[in-house]
Every structure is written in C-alpha cells, then in structure tokens.
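**Q** Residue numbers (our numbering), protein chains in the order written: chain A, 53 to 232; chain B, 53 to 232.
It should be emphasised that the hints constitute simulated quantities derived from the structure, not laboratory data.
These numbers come from a predicted model, not from an experiment.
Don't take each hint at face value.
[What the hints assert, rightly or not] Quick list of in silico lysine to any residue cross-link-like pairs, SDA-like style, CA-CA up to 25 angstroms: (1) A:Lys136 - B:Lys136; (2) A:Lys153 - B:Lys136; (3) B:Lys136 - A:Ala69; (4) A:Lys153 - B:Pro67; (5) B:Lys136 - A:Val168; (6) A:Lys153 - A:Val168; (7) B:Lys153 - A:Pro67; (8) B:Lys136 - A:His78; (9) A:Lys136 - B:Gly135; (10) B:Lys136 - A:Thr189; (11) A:Lys136 - A:Gly226; (12) A:Lys153 - B:Ala71; (13) A:Lys136 - B:Asp66; (14) B:Lys136 - A:Gln98; (15) A:Lys153 - B:Asp183; (16) B:Lys136 - A:Glu70; (17) B:Lys136 - A:Ser65; (18) B:Lys136 - A:Pro67; (19) B:Lys136 - A:Asp139; (20) A:Lys153 - B:Thr94; (21) B:Lys153 - A:Thr94; (22) A:Lys136 - B:Ala69; (23) B:Lys136 - A:Thr94; (24) B:Lys136 - A:Gly226; (25) A:Lys153 - B:Glu156; (26) A:Lys136 - B:Ala71; (27) B:Lys136 - A:Ala77; (28) A:Lys153 - B:Lys153; (29) B:Lys153 - A:Ala77; (30) B:Lys153 - A:Gly226; (31) A:Lys136 - B:Lys153; (32) A:Lys153 - A:Thr94; (33) A:Lys136 - B:Ala77; (34) B:Lys153 - A:Arg73; (35) A:Lys136 - B:Glu70.
[Claimed, not checked] Only part of the chain A face toward chain B is listed, based on derived beta-carbon distances under 7 angstroms: (36) Gln74; (37) Thr92; (38) Ser170; (39) Pro187; (40) Ala191.
We put the CB at the ideal spot given by N, CA and C, even for glycine.
2 protein chains.
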Amino acid sequence: MSKEMTSSRTSISDPIAEARRQWLAHGWEEAATGMAAVTTLTRVQQILAGRVEEALAPLGLTFARFEILRLLGFSRSGRLPMGKISDRLQVHPASVTSAVKRLERDGLIRREPDTVDSRIVLAVLLPAGTDRLDPATAAVNEVFAGVGLDDSRLDVLIELLSPIRRLAGDPVAGGEAEND
Amino acid sequence: MSKEMTSSRTSISDPIAEARRQWLAHGWEEAATGMAAVTTLTRVQQILAGRVEEALAPLGLTFARFEILRLLGFSRSGRLPMGKISDRLQVHPASVTSAVKRLERDGLIRREPDTVDSRIVLAVLLPAGTDRLDPATAAVNEVFAGVGLDDSRLDVLIELLSPIRRLAGDPVAGGEAEND
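Taking the hints into account, I'd like the entire structure generated from these sequences.
**A** Okay, structure coming up:
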C-alpha cells in the first residue's frame, strides 16, 4: 500500500511546501509552519508504519499485535493484565481487547482471570506466540535499523518531539529543560 | 479520545524509554534508536491528529474531509479531478472517494464528469462547502499555531524528516544536501 502512495508523476511539486505557500498567501502565518510540521509528521508516520506493517504481514501480524506479543515476551512470566498492556502501549483499552482477541484466535496467547483478583484479565503468551516473536522482532528491527536517518539525527528527533508528548501528559524520560 | 490516552497513573515511567532499555538489554542496538524514534513519531502523530479531529468534530468534519474541502477552496474554479486530489493529498484514491462521498452526502460538494473528458470525475465545491471552510480553517489553524514547539523548532523537524519522505519517492522541496 505504501508503494502505491509514492508519486506516479515525474515533476509534481512538493505538496506540503505547496500547502505552506497557500497558507502564507492567505495570511495564516501563525499556523503555516505548524500545518507543514503536522502534515510532514503524518506523512512520515504513514511511510514508516507502512514499512513495519509490510514487514510483519508475512508473519500474520500487525504492528499493534506485535507490540502486545513483544511486551508479553519482555515480562517475567509471559503474562500481563490487559490494563497494564493498554498503559504501557498507550493504546485505548478497546483496541487492546480487539488485538488480544485476534491473537487468541490465532493461538498465540490466551486470556485468563488473575488468580488473586478475578476481575483482572491477564493475557498469557503461549509457546506458539513465543515462536512467532523471534522472526517478527527480526523483521521489525530491520525496518527500525533502516529508517533513513543516522542514530544521532533520530535522537535529535526524539528530543525535539518530547515537549509535545509532555504537554499531552505522557511520562517522558530525560531533562525537563526543553528550552535549551 | 486523546484525553483518555493521557496517563492515569502518577509515577509511571516513560514507556518509550522503557522499550528502548529492553531493546538494548536484548542486544538489538542497531534497531533501538529507530524503534524509539518510530514509536515517538507514532505517539506524537496520534496526539496531534487527535487535537485536529477534536477541533473539527463540532463542524461535522474529519481532517481527511477538511483537507479535500481546503484543496478545492484553493483551486481557481473550486473544482478538481479526483485523481489530482489523491495526488496532492498523498492519500489513496479509495480513501478520497470515500471522503468525497461523505462530503457529497453532507451537501458540501458535488461530483460531476469533466466536460472535455467524461472519464474524469471532478469534485466541485458547493456554497455550503465554502461556508464551512472558514470556521473549519480557523479551528485547525488554532491547533497548528499551538503545536507546542516554536516555529524554528518546527522547521528543524520538517528538515530532519525530509530525507525519509525523499527516500519514499515523495517530491520534496528544498536542498538535496540532507547531510550538512
């Protein structure tokens, strides 16, 4: 799908730069750079998410389902409460439930009530899920290792975006001094 | 929706920094920074898109539908071929068709065949669409003007992400010298 979105024209102009020109021509100076930045972020996220999904598709996984498997793989006992998965992945509980149901149907995890507090539902990694994790992690890591920017630029990017996460109430590691 | 995704816990650690630690602990150094960057991009895009959608919802629009209206508003005659809309917005033709159908149902645009080449379908802005554009543009511009980073940082962000767009085949304005 991401391939179809590459330009089919040879001499088309940059659509984001063109939108910015329109914004400035209409006198919306205070919003033009923000518009260009949000549109750029959206486009780049679409490109990168597309690559991750392409890498995982042959393994019968989406990025959302991979992230849940990976989190369970990191946990000591291969089991986590559904609410904790939602917190750690910053994904809506309904989305976690839907992804977990699909993983369960595929035989990669199962759900069970917590033995101490039966109101808590646990997702439990099954051996088939563990087996799927190794090739899936290798596949996404190939994408992550080839994003197209060197690590120092990626670190600048992460730092640059931190204040937006912080403003949204996310817990963000690192210095509070975003105005260096 | 974005509000529900703000952390409900007081002392939870940064989930992206935590994932990065896990990546490093498992020996995936070459992919750890890329993973953290892609995850950060995804989260920030989710935060900002959520704000834009919240701003447009009272006006009965989504960002996808707003972008089409806005593009038609910029065009000289208020009409554009569907294929051109897809190109300019870098959105899949099927998504454009779906959004255009909804805009048509809402009485904001209509579709008509091009008079010269009837195989080409045009989307045509209607007066109700023009009326909706002013408040909708003001609403998204409020979000764009308050992204949470000053313009010079937003410009750094746009520049930093350009090579990824370029690698994906997007036409990107500005210098080719991404390795300054």
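**Q** Could you run down the list of hints and mark each one as holding or not?
**A** Hint check:
no., hint, verdict
1, A:Lys136 - B:Lys136, "violated (45 angstroms)"
2, A:Lys153 - B:Lys136, "violated (40 angstroms)"
3, B:Lys136 - A:Ala69, "holds (16 angstroms)"
4, A:Lys153 - B:Pro67, "holds (23 angstroms)"
5, B:Lys136 - A:Val168, "violated (59 angstroms)"
6, A:Lys153 - A:Val168, "holds (23 angstroms)"
7, B:Lys153 - A:Pro67, "holds (23 angstroms)"
8, B:Lys136 - A:His78, "holds (22 angstroms)"
9, A:Lys136 - B:Gly135, "violated (44 angstroms)"
10, B:Lys136 - A:Thr189, "violated (38 angstroms)"
11, A:Lys136 - A:Gly226, "holds (23 angstroms)"
12, A:Lys153 - B:Ala71, "holds (23 angstroms)"
13, A:Lys136 - B:Asp66, "holds (14 angstroms)"
14, B:Lys136 - A:Gln98, "holds (20 angstroms)"
15, A:Lys153 - B:Asp183, "violated (44 angstroms)"
16, B:Lys136 - A:Glu70, "holds (14 angstroms)"
17, B:Lys136 - A:Ser65, "holds (12 angstroms)"
18, B:Lys136 - A:Pro67, "holds (11 angstroms)"
19, B:Lys136 - A:Asp139, "violated (41 angstroms)"
20, A:Lys153 - B:Thr94, "holds (23 angstroms)"
21, B:Lys153 - A:Thr94, "holds (23 angstroms)"
22, A:Lys136 - B:Ala69, "holds (16 angstroms)"
23, B:Lys136 - A:Thr94, "holds (20 angstroms)"
24, B:Lys136 - A:Gly226, "violated (44 angstroms)"
25, A:Lys153 - B:Glu156, "violated (37 angstroms)"
26, A:Lys136 - B:Ala71, "holds (14 angstroms)"
27, B:Lys136 - A:Ala77, "holds (21 angstroms)"
28, A:Lys153 - B:Lys153, "violated (33 angstroms)"
29, B:Lys153 - A:Ala77, "violated (29 angstroms)"
30, B:Lys153 - A:Gly226, "violated (46 angstroms)"
31, A:Lys136 - B:Lys153, "violated (40 angstroms)"
32, A:Lys153 - A:Thr94, "violated (28 angstroms)"
33, A:Lys136 - B:Ala77, "holds (21 angstroms)"
34, B:Lys153 - A:Arg73, "violated (28 angstroms)"
35, A:Lys136 - B:Glu70, "holds (14 angstroms)"
36, Gln74, "holds (5 angstroms)"
37, Thr92, "holds (5 angstroms)"
38, Ser170, "violated (22 angstroms)"
39, Pro187, "violated (14 angstroms)"
40, Ala191, "violated (11 angstroms)"
When held up to the earlier numbered hints, the structure conflicts with 1, 2, 5, 9, 10, 15, 19, 24, 25, 28, 29, 30, 31, 32, 34, 38, 39 and 40 and fits the remainder.
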